[in-house]
Structure formats: structure tokens, C-alpha cells
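Colleague: What follows is each chain in one-letter form.
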Amino acid sequence: MKLRQGTFSFLPDLTDAEIHTQVQYCIDNGWAVSVEYTDDPHPRNTYWEMWGHPMFDNPDAAAVVFEVNECRKQFGDYYIRVIAFDSTHGWESIKLSFIVNRPKDEPGFHVSREEVKGRSMRYSIKSYATDKPEGKRY
Amino acid sequence: MTNNNISEDKNKHLGKIDLHAELVETGVEQVLIDLDKSLIGLEPVKTRIRETAALLLVEKAREKLGLAHETPTLHMSFSGNPGTGKTTVALRMAELLHKLGYVRKGHLVTVTRDDLVGQYIGHTAPKTKEVLKKAMGGVLFIDEAYYLYRPENERDYGQEAIEILLQVMENNRDDLVVILAGYKNRMNTFFESNPGFRSRIAHHIEFPDYSTPELLDIGSSMLDQLNYYLTKSAKDAFIEYINLRKEQPHFANARSIRNALDRARLRQANRLFKENNGPVSAEILSTLEEVDIRESRVFSGGIDN
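For the protein sequence lines, the chains are A and B, in the order given. Start counting the first sequence at 1; every next residue gets the next number (the numbering used here). Start counting the second sequence at 1; every next residue gets the next number (the numbering used here).
Where hints are given, some of them may not hold.
[Said to hold, decoys possible] Straight line, CA to CA, 25 Å or less: simulated DSS-like cross-link-like pairs of lysine-lysine:
| # | chain 1 | residue 1 | chain 2 | residue 2 |
| --- | --- | --- | --- | --- |
| 1 | A | 2 | A | 117 |
| 2 | A | 95 | B | 184 |
| 3 | B | 184 | B | 246 |
| 4 | B | 235 | B | 246 |
| 5 | B | 129 | A | 73 |
| 6 | B | 235 | B | 37 |
| 7 | B | 274 | B | 246 |
| 8 | B | 37 | A | 73 |
| 9 | B | 246 | B | 46 |
The set of hints was computed from the structure by calculation and includes no laboratory data.
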């Protein structure tokens, strides 16, 4: 099951040239772009591991594409995303986030149902991959 | 396949490209004219830059007409004595390459050894990469590049920085242009001990020293910008000064001239205070007299730094 998180996730995977164009758009808007990775793709897992520092002072997107490729070398079987943070007063949040790398095999999520109080149902989801310990999931 | 067809179609449509129109249109002409006007002397450098610009323009035209072309290697080395305009030319070069479409942003990042080489194990690689990332889309100018290589210390981290540089120079050729600069002799030794660099750098440009009349011209244009001028006798004294100063150690061409003129302005200000001839006119405030030049230590055999 292909993970659908962030912008562009219903499109085919972006090529490096497309990533470059998107990132350049972010930089031109003055957002700080950074690269993050994880092997725990639960939708509520907001904070992924940072790949280096956010890149504040690179005027060109080639630097970000370079870092994405460096990250792919080490974490080729992880989810990698690019996020752009807008520090403008009043926003101070992520403006754009998209996945740039995913594991070859994505097993998807298990929905567990729990009956509580009368006939109410409580649902939760869990990635099949997270049964294994960190670093051995994909 | 489709791409090929498109370029063939284009070929038929366009057929010809007016190189001169292209030169004007891209704004390259303007940069070259500015270069000619704002830089005094440096004829060989200007010729080389014109040649390089022509090559790059032809390369772009070939690309448009669908002829075989490959991105030329643009990494350069500037060698010459201090104060011969290497940094200034590098700035212009960045602008030129940007207008020609070979770098995307056209900014210049100036670094020395300290910005690239770390102080402990594992510090160098991230530091160098950080600088390279900053320079992507523009031009990286490494001043006194030979300091990167220190043969006397085999555990020097400079070698690590060199390896990363070479790797990025090769793999990210479309992303950044590297210009190495420094004194001629030391650059030569540097290239000899690092053959990887020599082969990756296509353009070696030498910056000659300025002649006395050129230095005088440079001085005059500096003063012009500051609304100062030299009297006739001051000019003669200044020529004499330049000739004396040239023979002394640590002569830094245009930079020495700027420093000499700064000191002359200082002396002029002092003189005006001492003379105390009542109110002064703009005329008096912008005139540098012979005494302002003659008072320099250089005339009595001393050294001005």
C-alpha cells in the first residue's frame, strides 16, 4: 500500500528535477528547507529524524537535492521527506511537506477494532512494518 | 525519440542563429563592456574572458540548433600577485556565467582554507559540504587555494577537503563552478602535487602585475569616485611614489595604491587643520597637494604597508 502523506502523494513519485523545482519554489519564498527520514510512517508520527540541519542560507535547490541523495545512500529503504518551514510571524509552521523516497515494499497498516462500553467501537491503526525493531523494518 | 523529433523540427524552423544578437540579448555584451570600462589594464585577462564567453555562447547556440554539444568544464584558476583584481574578476565571471545560463543564481561565495578545513577529525567533511551547498547555483571562489594542501603535515585535514571538492567538482558540474586563486608560483606547485585539480580545471588565467601608468590610472579613478583629485605636482610625486613602492616588499598592486591614497587623504585632513586658514571651499577639500604625497615614509626609504 503506497503511503499517501503530504503534498503530491497521489502523484507518481517525483523525479530529482521535479524535486528541484518544488524546493526552488520554497527557497524563493524564503522558507527553510530540510530533509527528514523515518521507518515509522504512522500518520501521527509528526517528528521524523532530521537529516542534518535545516538549510537556511542556500540560494539554490541543488543543495537540497544533493542532501536528499546523500540521505538515500544511507537510508534508501526508509521514508524520506522534504519539509519547508515558514518562519513568518503568525505562520511559524510547515508550509509544504512531501515524500521523496519510500521503501521498495510497503506492507501498509493494520486496523484494530476494540469493543468498549456497550457496543461502541474504538479503532486504531498500526503499520505492519513496526512489528520489527527500529532499523529492521523495511 | 520524441525529443529528437522536436529538436529536428526546431532545426528546420530556426536554421540560423545570430551570434551577435545573442550576445546582446543575453546581456553578456553589457558585462563585457562594463568589464572593459571598470578594469584598467589586465589585457590578457580580458582577452581570455572574451574568448571564454565566445566559446560558451557558441556552445549554447549549438545546443539550440540540435548539434552535438557537451557542458564544457568551467572550473578555473586565477593566478597572480595580490591586488591584481582576481576577486573583482571572479564577481564579473559569476555574473557572466549567470547571464549565459551556465549557473542558475550567479552568486559568488568567497572562502579560504579556514572555511573548508575543520579542526578535528570528522569536522572537515560537513564543513566543506556546507560551503559547497551554499555555493551551488553560483560560483565558489577559493582564495589562496594552495593552503588547502600542506605536504609537511601528513595528517592535515586539508587533503580531506580537497577530496570532497574534487568529487563535487566532477559530479555536480551543472550545479557550481569553482575558481581557485592565488600566487602564481605556489599555485603551480599546488597543481603539481594535486594532478586531480589540474585535469579538472579547464581555464588557467594569469593576472599580470600593473604597470606604473596603469596604477596611476587606477589611483585616479579611485579618487574620482571619492570626489578627490591630484594637482599636477602631486601627480608627479605619486608616480615617483609608485615607482619606489613597487621595488619594496609586500607590494600589493591596486590594494597598495588604495592604501597609499587613504593615507594621503589622512595627511590632507591634518594639513587643513594645521593651516587653519579660515573657512574652506569644496575645491580645497577635494585637492590632494604634493606635500600630502611627499610626506610618505616611502620617500625616506621606509616602508608603507
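Colleague: Now tell me, hint by hint, if it's right for this structure.
Modeller: Hints, verified against the model:
1. 2/A to 117/A: violated, 35 Å
2. 95/A to 184/B: Violated - the C-alpha atoms of residue 184/B and residue 95/A are around 50 Å apart, more than 25 Å.
3. 184/B to 246/B: Between residue 184/B and residue 246/B the Cα gap is close to 18 Å, so the pair holds against 25 Å.
4. 235/B to 246/B: Given pair residue 235/B, residue 246/B holds - Cα atoms ~16 Å apart, limit 25 Å.
5. 129/B to 73/A: Holds - the C-alpha atoms of residue 73/A and residue 129/B are around 16 Å apart, at most 25 Å.
6. 235/B to 37/B: This hinted pair holds, its Cα atoms lying about 22 Å apart.
7. 274/B to 246/B: violated, 31 Å
8. 37/B to 73/A: Distance of about 49 Å is beyond 25 Å: violated.
9. 246/B to 46/B: holds, 24 Å
The earlier numbered hints that this structure contradicts are 1, 2, 7 and 8.
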